[in-house]
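S.K.: These protein sequence lines are chains A, B and C, in that order. Take 137 as the starting number for the first sequence in the working numbering and just add one per residue. Take 183 as the starting number for the second sequence in the working numbering and just add one per residue. Take 15 as the starting number for the third sequence in the working numbering and just add one per residue.
Heads up, some of the hints might be wrong.
Calculated lysine-lysine pairs in the DSS-like style (CA-CA distance at most 25 Å, straight line) [as the list claims (entries may be wrong)]:
no. : chain 1 : residue 1 : chain 2 : residue 2
1   : A       : Lys538    : A       : Lys377
2   : C       : Lys101    : B       : Lys312
3   : C       : Lys101    : B       : Lys373
4   : B       : Lys238    : C       : Lys203
5   : A       : Lys377    : A       : Lys701
6   : B       : Lys312    : C       : Lys210
Quick caveat, the hints were computed from the structure, so don't treat them as lab data.
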Amino acid sequence: MHPIRRYLSSAWQALFGDAVRAFGVVSAVLLLALAIAPAKNQFAQWHQYQRRYLSLIHDRGDAVTLRRRFQPGIHQTWLPELGVVDRCTTCHLGLNEAGLGDVSQQPFRKHPAIPHSLDGFGCVICHGGQGPATTVAEAHHSERAGEEPILPARYIESGCGQCHQNALPGTPQLNLGRAMLTRYGCVRCHAITRPDGTRVMATDHPPSLVHIADKTTREWIYSWLKDPQAYAESTTMPNYKLSDADARDLSAYLMSSSTPREGDTALAATKAGSSADLAAGPSLYGQSFCASCHAVQNAAGNLVGGDVGPELTRIGNKAKPEWLAAWLANPRVYDATTLMPHYRFTAQQVATLTTFLQAKSDSDYGTGVHLDAPIPAQVAHGKRLIVELGCAACHEINGVQKPENFAPDLSTIGSKPLAQIVFLPGMEVSLPSYIVAKIRQPRAFGASVKMPQFALTAPQADALTTALLSLTNRSRSMPDTLRVAATVETNYQPAGHAGKLINELACFSCHRINGRGGDMAPDLTWEGSSVQRQWLIDFLRNPNTLRPSLIRRMPRFNLSDSENKELTEYILAVYQSPAVDADAVPDPSHSPDVVEHGKQLFYSKYACQSCHIANDKTDKGYIGPTLTQVGSRLTAAWIYSWLKNPQALRPGTTEPNQNMSDEDARALAAFLMSLKGQGAHGAKL
Amino acid sequence: MAVKTSAMMDKVRASRVWRSVFRAGTGDSTLHRALAIQQSIFLHLFSTKVRKRMVKFSATWYLGTLTFGTFLILVITGVLLMLYYHPSVPQAYADMKDLQFVVSSGLFLRNLHRWSAQLMVFLVFAHMFKVFYRGAYRTPREFNWVVGVVLLVITLLLSYTGYLLPWDQLAFWAITVGSNLSSAVPLVGNKIHFLLLGGNQVNANALLRFYVLHCVVLPLAAMLFIAIHFWRIRKDGGLYVQGTEPKPQQNNETVNTAAEVK
Amino acid sequence: MSDPKEFVAGIDSDQRRSPVRVAFVTRRTSAQVKVNREDQVQTYPEVLFRAVLAIELLAIALVFFSLLFNAPLEGIADPTHTPNPAKAPWYFLGLQELLHYFPPVVAGVLVPSLLIIALIVIPYFNINIEANGLFLKDRANRLRWFYAAAAGMLIFLIGFDVYVAVPPTVVVALAMIVAANSRPDSPSKFRRYLAKRPLAYWIMTWFLFELIVLTAVGTWFRGPGWAWVSPWRNY
Numbered sequence: 137m138h139p140i141r142r143y144l145s146s147a148w149q150a151l152f153g154d155a156v157r158a159f160g161v162v163s164a165v166l167l168l169a170l171a172i173a174p175a176k177n178q179f180a181q182w183h184q185y186q187r188r189y190l191s192l193i194h195d196r197g198d199a200v201t202l203r204r205r206f207q208p209g210i211h212q213t214w215l216p217e218l219g220v221v222d223r224c225t226t227c228h229l230g231l232n233e234a235g236l237g238d239v240s241q242q243p244f245r246k247h248p249a250i251p252h253s254l255d256g257f258g259c260v261i262c263h264g265g266q267g268p269a270t271t272v273a274e275a276h277h278s279e280r281a282g283e284e285p286i287l288p289a290r291y292i293e294s295g296c297g298q299c300h301q302n303a304l305p306g307t308p309q310l311n312l313g314r315a316m317l318t319r320y321g322c323v324r325c326h327a328i329t330r331p332d333g334t335r336v337m338a339t340d341h342p343p344s345l346v347h348i349a350d351k352t353t354r355e356w357i358y359s360w361l362k363d364p365q366a367y368a369e370s371t372t373m374p375n376y377k378l379s380d381a382d383a384r385d386l387s388a389y390l391m392s393s394s395t396p397r398e399g400d401t402a403l404a405a406t407k408a409g410s411s412a413d414l415a416a417g418p419s420l421y422g423q424s425f426c427a428s429c430h431a432v433q434n435a436a437g438n439l440v441g442g443d444v445g446p447e448l449t450r451i452g453n454k455a456k457p458e459w460l461a462a463w464l465a466n467p468r469v470y471d472a473t474t475l476m477p478h479y480r481f482t483a484q485q486v487a488t489l490t491t492f493l494q495a496k497s498d499s500d501y502g503t504g505v506h507l508d509a510p511i512p513a514q515v516a517h518g519k520r521l522i523v524e525l526g527c528a529a530c531h532e533i534n535g536v537q538k539p540e541n542f543a544p545d546l547s548t549i550g551s552k553p554l555a556q557i558v559f560l561p562g563m564e565v566s567l568p569s570y571i572v573a574k575i576r577q578p579r580a581f582g583a584s585v586k587m588p589q590f591a592l593t594a595p596q597a598d599a600l601t602t603a604l605l606s607l608t609n610r611s612r613s614m615p616d617t618l619r620v621a622a623t624v625e626t627n628y629q630p631a632g633h634a635g636k637l638i639n640e641l642a643c644f645s646c647h648r649i650n651g652r653g654g655d656m657a658p659d660l661t662w663e664g665s666s667v668q669r670q671w672l673i674d675f676l677r678n679p680n681t682l683r684p685s686l687i688r689r690m691p692r693f694n695l696s697d698s699e700n701k702e703l704t705e706y707i708l709a710v711y712q713s714p715a716v717d718a719d720a721v722p723d724p725s726h727s728p729d730v731v732e733h734g735k736q737l738f739y740s741k742y743a744c745q746s747c748h749i750a751n752d753k754t755d756k757g758y759i760g761p762t763l764t765q766v767g768s769r770l771t772a773a774w775i776y777s778w779l780k781n782p783q784a785l786r787p788g789t790t791e792p793n794q795n796m797s798d799e800d801a802r803a804l805a806a807f808l809m810s811l812k813g814q815g816a817h818g819a820k821l
Numbered sequence: 183m184a185v186k187t188s189a190m191m192d193k194v195r196a197s198r199v200w201r202s203v204f205r206a207g208t209g210d211s212t213l214h215r216a217l218a219i220q221q222s223i224f225l226h227l228f229s230t231k232v233r234k235r236m237v238k239f240s241a242t243w244y245l246g247t248l249t250f251g252t253f254l255i256l257v258i259t260g261v262l263l264m265l266y267y268h269p270s271v272p273q274a275y276a277d278m279k280d281l282q283f284v285v286s287s288g289l290f291l292r293n294l295h296r297w298s299a300q301l302m303v304f305l306v307f308a309h310m311f312k313v314f315y316r317g318a319y320r321t322p323r324e325f326n327w328v329v330g331v332v333l334l335v336i337t338l339l340l341s342y343t344g345y346l347l348p349w350d351q352l353a354f355w356a357i358t359v360g361s362n363l364s365s366a367v368p369l370v371g372n373k374i375h376f377l378l379l380g381g382n383q384v385n386a387n388a389l390l391r392f393y394v395l396h397c398v399v400l401p402l403a404a405m406l407f408i409a410i411h412f413w414r415i416r417k418d419g420g421l422y423v424q425g426t427e428p429k430p431q432q433n434n435e436t437v438n439t440a441a442e443v444k
Numbered sequence: 015m016s017d018p019k020e021f022v023a024g025i026d027s028d029q030r031r032s033p034v035r036v037a038f039v040t041r042r043t044s045a046q047v048k049v050n051r052e053d054q055v056q057t058y059p060e061v062l063f064r065a066v067l068a069i070e071l072l073a074i075a076l077v078f079f080s081l082l083f084n085a086p087l088e089g090i091a092d093p094t095h096t097p098n099p100a101k102a103p104w105y106f107l108g109l110q111e112l113l114h115y116f117p118p119v120v121a122g123v124l125v126p127s128l129l130i131i132a133l134i135v136i137p138y139f140n141i142n143i144e145a146n147g148l149f150l151k152d153r154a155n156r157l158r159w160f161y162a163a164a165a166g167m168l169i170f171l172i173g174f175d176v177y178v179a180v181p182p183t184v185v186v187a188l189a190m191i192v193a194a195n196s197r198p199d200s201p202s203k204f205r206r207y208l209a210k211r212p213l214a215y216w217i218m219t220w221f222l223f224e225l226i227v228l229t230a231v232g233t234w235f236r237g238p239g240w241a242w243v244s245p246w247r248n249y
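Here chain A stands alone, though its shape is the one from the complex:
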């Protein structure tokens, strides 16, 4: 026998020769095997990271302090209310160490300053990942057990949005995303319910198509449907990628279902006599501050103007002249709910503006579109398409019902389990990457996807994704006390004849009153308490701007004197703040001493000139409104109350609360009331 074999067989005999020996040997092996798992604990990743942390702080000057604060073992943040068990701090040891600001090596970096304490909120609420995990892979990238991998930093604001349903100054991306959800009509097809049960409502104003034939031509509709962005780069209308035949049939149905509106042509006929003043077009457009709401592409291709109303770059290609004239004369005839004010233009002004706007056209646009008169089958097909694509979810269309629950509910899209998502090949398997891809290229997910192609830039898509990621199960399951409720638009409606006037002038398009309206211009809820009667009358007659640096300004509405008076009286009577005590400053005419004392306070003690301008020769403050004429604008009582506690009058204002004494406030108010401005805004004009 070969010696090795002999040796092996004798070894076998020695170890497993009989049952008892084998039992002994195998028992020893079993015990050894059982010892492996406990031994492995000693080599756990978090042990290694804690050792590395100790060697990191070893040579530092503050080593003694850091070492004293270091506790070995597994650390955790336990927040039963939120269902949070975060063990991240087991390895991320430097998060709360102010002294480690210079360390850039993860996992020991210091956490940047945030408004919340880390111990009170844990980590995964904002960052995602698997809190209870104590290994790098499981904590950061695990998706097997339904966890979300760590959220990429660029979506981090979605964490804030789980609790804060309102807009925060520190979360511009989230705010933009939320605004887009309502502005791009997302919530017209997709239902989104906030945790408190309220629906997120759309803020866009998709035009009604009931009288579309009065407004434009079928050829324009066809071109528009084929590619909305080709007509107006900034439009929120998405591209449905329609075939030529589909666009043809859709336009056929829209035209054939449209009913004529009498005023559209009748009004135009009466004004037809007026001649246009070609030279006055641009200045009238400018004076009316049309650009506050409407944008136009300039020669360099940049959009200039606001985004409240539609872009007007090629309006001449779209609007029929007689319709445009009727619209400018009184937009509420065509669309009773439009955001556009009733300007009370003269017939000549209407003709001037119409001509001016009609000239804004692109001779290349829509050429080559020749549509034959539709046959009934095409019209019927167009109607089917409208139902199928859900056009009526946004636009009012004759003969088509507004669809209910047209698209999937997105109220908890931020917690959508990865297992339920069909990812495209080559796509990163994570919820954010899915949402971004779905928003940017919905049709890539299959030919049957109805969602159209929106024209979004990458930052816009990221903002939308951030807003959608904040719609999590956790945001719904957390206790109400931890939630900051959304500011929901109220249904405030001013009463009486003045109320009708406020609607006609579309004040709510820019101003907010009692929780309703836009945020382009100042909130007018307490306007009656704050301004003086004469100033208001003058302002309405010829609005001047308070903040010269702003581009968007209050337009002139050509109000009649009686209308002006009515509006002024209504504002002064109704928009009064209970927080402003008109008797607090009994005598607005103060002695020069008090005014001088107030001036001292303004320039030295409170250094108001750092934000405001009281003397336009010396002061350089551009953050707050200019105060050179404040004495003829605001009431003394308002200034006094404002100085005492600005946040009580306008929550969220950046004006600091200085905890002023009554005496200081009175003196400052006296000084400010003395600032009447040169050329006196008051009496005449």
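Could you slot chains B and C onto chain A? The hints should help.
M.R.: For chains B and C alone, kept in the frame of chain A given last:
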């Protein structure tokens, strides 16, 4: 060395304390070895002697032994896991995470329990088929076969009830699918379903119910039937060997079926 | 055995021998005592240590398996999100597969109950005790029955679209046809073996094949909506 150890062991075995515990006494004689089996409350379930043929691996593949082995592992790991487990929602799931991430060897324990359970189900089936193909269910072993079928059912129930305890998606939906079947029983289906889950759907009540079944009722039942199963092997004439039994084709009536007196 | 010394009661006995039986035979019976003399071993230590050894080896294997492979754990139970497909534990997937074809009362209640009852009664029916080859006796008649049963089963399975259950049935039926055409003294060892198989063997084998195939199909070949998928495809 080996001699020394065995001498020492003999000394220990001869001591008063040892003898007070183990009734069999010392010695290597066949009697003592028989007594070692007879006089132990656990081992006396077995016969003192076994046919040499049956000790061979090929005879039984040790499937019964291995099944019992998985059961032992399951009892031990199961008791240890119970120390870390709360049968409540959603704590049960959090306990799984704790086992995975903070309990020393917790993940290992759970793995061992889980894989042993799967293996036990497989081994029980394998054992059953092996016994069948060997024809070992025949007289006088009919009843032990029935006990075996009962043990098969208990094993399946143990595995099924244990399946819910982690309270993850896998558990929840597997139990939902399984328990919905009971609704299909004619007439009393919904009542059985309600009784099984302690409610109309899988919820915290079902979890508690399954926990009690899994950790108390079914293991006790299993132990009882395992004891009977082992004991009947001895009572029914030891492990079945083909050829030792009466050959049916010769004469079915003149069979000596008197259980061998053991 | 004639030496009276062998009957002396004592502490020594031959561990290799079966216990000697004493039978009292009355005049009217004609008893046959079959003596089975074969080697025996002491349970302790021979068998006990082997059994423990087997268990220990199993434990070692399981320990290493558990060190290498983690038990599955998915996300927390969520009654509002049904995974697709929602699968039962693997040992019930055969039943779940049947559930795909038959109403719940059949696949979920009738089949398992009948199975358990069938398993319990196996040892109490002579047909199962009989160890003769199925086709050795009364061949023509039994063959007729077999063809009728096999054809009936296939028609039933195909009628209910249970195609996955067809291959095992066909395989067993073919093996039975081979068995029917084999002699117990056939030169081929395999055919000799088949020829001697009794009915119970065939039924159990068919059951085993079906169990394996249905469970395997349910485990690996079923995807969302219980539709057929390839196990190598990632869904």
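S.K.: Next, verify each hint and record whether it holds.
M.R.: Okay, the hints, checked on the actual structure:
no., hint, in the structure
1, A:Lys538 to A:Lys377, "holds (22 Å)"
2, C:Lys101 to B:Lys312, "violated (29 Å)"
3, C:Lys101 to B:Lys373, "holds (24 Å)"
4, B:Lys238 to C:Lys203, "holds (23 Å)"
5, A:Lys377 to A:Lys701, "violated (53 Å)"
6, B:Lys312 to C:Lys210, "holds (18 Å)"
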